[in-house]
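Note that the protein sequences, when read in sequence, are chains A and B.
First residue of the first sequence: 1, per this note's numbering; consecutive thereafter.
First residue of the second sequence: 1, per this note's numbering; consecutive thereafter.
These aren't lab readings, by the way, just hints derived from the structure by calculation.
Each residue gets a CB set at the ideal place from its N, CA and C atoms; glycine is no exception.
Do not take every clue at face value.
To be verified - Just some of the chain B residues that point at chain A, by a computed CB distance under 7 Å:
1. I72
2. Q76
3. M78
4. D81
5. G216
6. Q218
7. G221
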Amino acid sequence: MNMMSEAAVEKALEQKMSDVSHKMIGKDVSVYYGEKRALFDVNLNVRENTVTALIGPSGCGKSTFLRCLNRMNDTIENCRVTGKITLDTDDIYDKEIDVVELRARVGMVFQKPNPFPKSIYENIAYGPRIHGLARNKADMDQVVEASLQRAGLWSEVKDRLHESGTGLSGGQQQRLCIARAVAVSPEVILMDEPCSALDPIATAKVEELIHELRANYTIVIVTHSMQQAARVSQRTAMFHLGQLVEENDTDKMFTNPDDQRTQDYIMGRFG
Amino acid sequence: MASTHILSAYDEELKYLTRRISEMGGLAEQMCADAVRALVNSDTALAQKVISDDVILDHAEREIQDKAIVTIAKRQPMAADLREIVGTLRIAADLERVGDLGKNTAKRVIAVQGTGVPRKLARGIEHLSELALVQLKEVLDVFSNRSVQKAEAIRQRDEEIDAMYTSLFRELLTYMMEDPRNITTCTHLLFCAKNIERIGDHATNIAETIYYMATGAQPEGERPKDDTSNTVGAVLTNE
Numbered sequence: 001m002n003m004m005s006e007a008a009v010e011k012a013l014e015q016k017m018s019d020v021s022h023k024m025i026g027k028d029v030s031v032y033y034g035e036k037r038a039l040f041d042v043n044l045n046v047r048e049n050t051v052t053a054l055i056g057p058s059g060c061g062k063s064t065f066l067r068c069l070n071r072m073n074d075t076i077e078n079c080r081v082t083g084k085i086t087l088d089t090d091d092i093y094d095k096e097i098d099v100v101e102l103r104a105r106v107g108m109v110f111q112k113p114n115p116f117p118k119s120i121y122e123n124i125a126y127g128p129r130i131h132g133l134a135r136n137k138a139d140m141d142q143v144v145e146a147s148l149q150r151a152g153l154w155s156e157v158k159d160r161l162h163e164s165g166t167g168l169s170g171g172q173q174q175r176l177c178i179a180r181a182v183a184v185s186p187e188v189i190l191m192d193e194p195c196s197a198l199d200p201i202a203t204a205k206v207e208e209l210i211h212e213l214r215a216n217y218t219i220v221i222v223t224h225s226m227q228q229a230a231r232v233s234q235r236t237a238m239f240h241l242g243q244l245v246e247e248n249d250t251d252k253m254f255t256n257p258d259d260q261r262t263q264d265y266i267m268g269r270f271g
Numbered sequence: 001m002a003s004t005h006i007l008s009a010y011d012e013e014l015k016y017l018t019r020r021i022s023e024m025g026g027l028a029e030q031m032c033a034d035a036v037r038a039l040v041n042s043d044t045a046l047a048q049k050v051i052s053d054d055v056i057l058d059h060a061e062r063e064i065q066d067k068a069i070v071t072i073a074k075r076q077p078m079a080a081d082l083r084e085i086v087g088t089l090r091i092a093a094d095l096e097r098v099g100d101l102g103k104n105t106a107k108r109v110i111a112v113q114g115t116g117v118p119r120k121l122a123r124g125i126e127h128l129s130e131l132a133l134v135q136l137k138e139v140l141d142v143f144s145n146r147s148v149q150k151a152e153a154i155r156q157r158d159e160e161i162d163a164m165y166t167s168l169f170r171e172l173l174t175y176m177m178e179d180p181r182n183i184t185t186c187t188h189l190l191f192c193a194k195n196i197e198r199i200g201d202h203a204t205n206i207a208e209t210i211y212y213m214a215t216g217a218q219p220e221g222e223r224p225k226d227d228t229s230n231t232v233g234a235v236l237t238n239e
């Protein structure tokens, strides 16, 4: 039998690593809020079907970067984004891009659960309806059920679909928001501290959900909990003072990071 | 360490573990030196002290284990801190074993005191134990200063102890062949020699653990070995 030499194995592995497909590519991304520069030439690629965690101290630019990925920064006055971000091959800051359509492809879940003050059913149906994703009532019923199933909420709400979404518990509301994001069949889901307002049990459910969603979606999550980043992600990017300090495999990041600033941050040290 | 934790109590907990390991190391080293001294001088009182010291060492290991578990649960350590605590647990286990080996050697003092230990063999055992104790002492120094190069150097040196052990093994076999009345004493001495050789192995383990704690990577390559005692019998029957 022809055994592969160690060098050959290593080369094959390297090859495999470079074969990783990038769902989104950020090149020299800088963000200015008026005169203030919040991000400095960030180059970060988001791998397909991977959970990428963005970590770093408050004000480091991680949320700013996240919001660049579906042009949420457009809604902030005085905010200017330079550099290039592509989704597959599309430049998302191209003039031709329809922002509403972009946000259907790159969905978002926020820190605080923010269901619409409507029924559970309507919370889910709203997106597919405006994007014309369901032809009739039966179609829509199916989308609603499938989305709630995906978000692990179906069994808990199936008998009260027409009750208000705001009547659910915090954890359920957040999963409802995830179901709502999933309903328009996005390719990427952005999560901005999705568990910071949840108790540990609800957090565990959302984390379990993130783990399952990874099979079908590309996920980018901003979190202040290092343990959460370590639990849910495969790749981790560390931001500090508007710069990307280090991006690495999560396992490496939390056992033996390359950068001293990462090391100090995750270990709760100061220099 | 260059920086300190935001939570000062966390620093205290890590320092406590480090201090306890150093204490365990000092005691284990003392026990092994005493055991060999008791053996060559047929000093049963000293042997008895080694046996009772082992209780203290065992207790220290359990205490380190408990503290480490609590620290992990409470602080959820990451990166170098996590490696530090896991390394501490492994080193405590190695040191506890070193103590057991010292104790086992001490127990044999009583068995060989009737005949005494022939001068030449005693010299061999002493020499072997000097090598092993130097390894142990140096590895404990490396634990304090975390020199990766020194940890690597200690790992490379285990070879010497192995070679010395193999030659002692041959010597003991020769004695037994010369006069079957030597068999009882020589068999005990063989176990003592093996115990001491094992202390060298534990020192090497500790060096590897320190290397990992400092770098986050396992030391590269096989550790060098020169323990060929497992083939000594085969050679003799051919002669």
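Structure-based check of all given hints:
Interface restraint check: I72 (chain B) against chain A, minimum CB-CB distance 12 Å, threshold 7 Å, status violated. Interface hint status for Q76 (chain B): upheld, as the beta-carbon distance to the closest one in chain A is roughly 6 Å, under 7 Å. The beta carbon of M78 (chain B) comes within 4 Å of a beta carbon in chain A, closer than 7 Å, and the hint placing it at the interface holds. Hint status for D81 (chain B): holds, given a least beta-carbon distance of 5 Å to chain A, under 7 Å.
Interface restraint check: G216 (chain B) against chain A, minimum CB-CB distance 3 Å, threshold 7 Å, status holds. Nearest Cβ of chain A to the Cβ of Q218 (chain B): about 11 Å, over the 7 Å cut. The hint is violated. At its closest, the beta carbon of G221 (chain B) sits 12 Å from a beta carbon of chain A; the interface hint therefore is violated under the 7 Å criterion.
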